[in-house]
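Residue numbers 46 to 137, in our numbering, belong to the letters of the sequence shown in order.
Source of the hints: derived by calculation from the structure; they are not laboratory data. One should not assume that every hint holds.
Said to hold, decoys possible - Derived EDC-like pairs (lysine to aspartate or glutamate); straight-line CA-CA distance at most 16 Å:
id, residue 1, residue 2
1, LYS75, GLU63
2, LYS111, ASP99
3, LYS75, ASP87
4, LYS61, ASP50
5, LYS132, GLU63
On a predicted model such as this, the values are computed, not experimentally measured, just so you know.
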Amino acid sequence: MARLDDLNRLPPEKRKAELSAMRGRCSCPKCPSYTLCAGDRDEKMFCFYGRSPDCIQRELKCICRKCTVHDEFGFRNVYYCTRGGEKTSKRY
46 MARLDDLNRL PPEKRKAELS AMRGRCSCPK CPSYTLCAGD RDEKMFCFYG
96 RSPDCIQREL KCICRKCTVH DEFGFRNVYY CTRGGEKTSK RY
């Protein structure tokens with residue numbers, strides 16, 4: 046995953062700016078599994094940060110594979126909001 050390696054090599058300020066831009070492209074709030082609680086806490090980018098601590102418990106329908114961030118980084122998993130980020134979740 047060259048793109049993720051590129052992101053990790055950026056200086057902290059540029060990395061923070063890129064992550065902020067990615068949050069703007071994130072599809073999580075459009076997902077049927079996303080909850081009001083997650084929205085109130087501004088939880089996004091579960092593929093990077095891992096599962097929702099306690100806001101998302103049910104897997105209704107996953108749109109991860111349609112997300113530009115997911116595609117951009119060549120991620121392969123789904124249901125990050127309940128199963129964890131790309132590095133920690135099992136392939137589904």
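Cross-check of the supplied hints:
Distance restraint check for LYS75 and GLU63: the Cα-Cα separation of roughly 21 Å exceeds the 16 Å cut-off, and the hinted pair is therefore not satisfied. Of the supplied pair hints, the one linking LYS111 and ASP99 is violated, its CA atoms being roughly 24 Å apart against a limit of 16 Å. With a C-alpha separation of about 13 Å, the suggested pairing of LYS75 with ASP87 holds against the 16 Å cut-off. Taking the CA atoms of LYS61 and ASP50, the gap is near 15 Å; set against the 16 Å cutoff, the hint holds.
Taking the CA atoms of LYS132 and GLU63, the gap is about 19 Å. The hint is violated against a cut of 16 Å.
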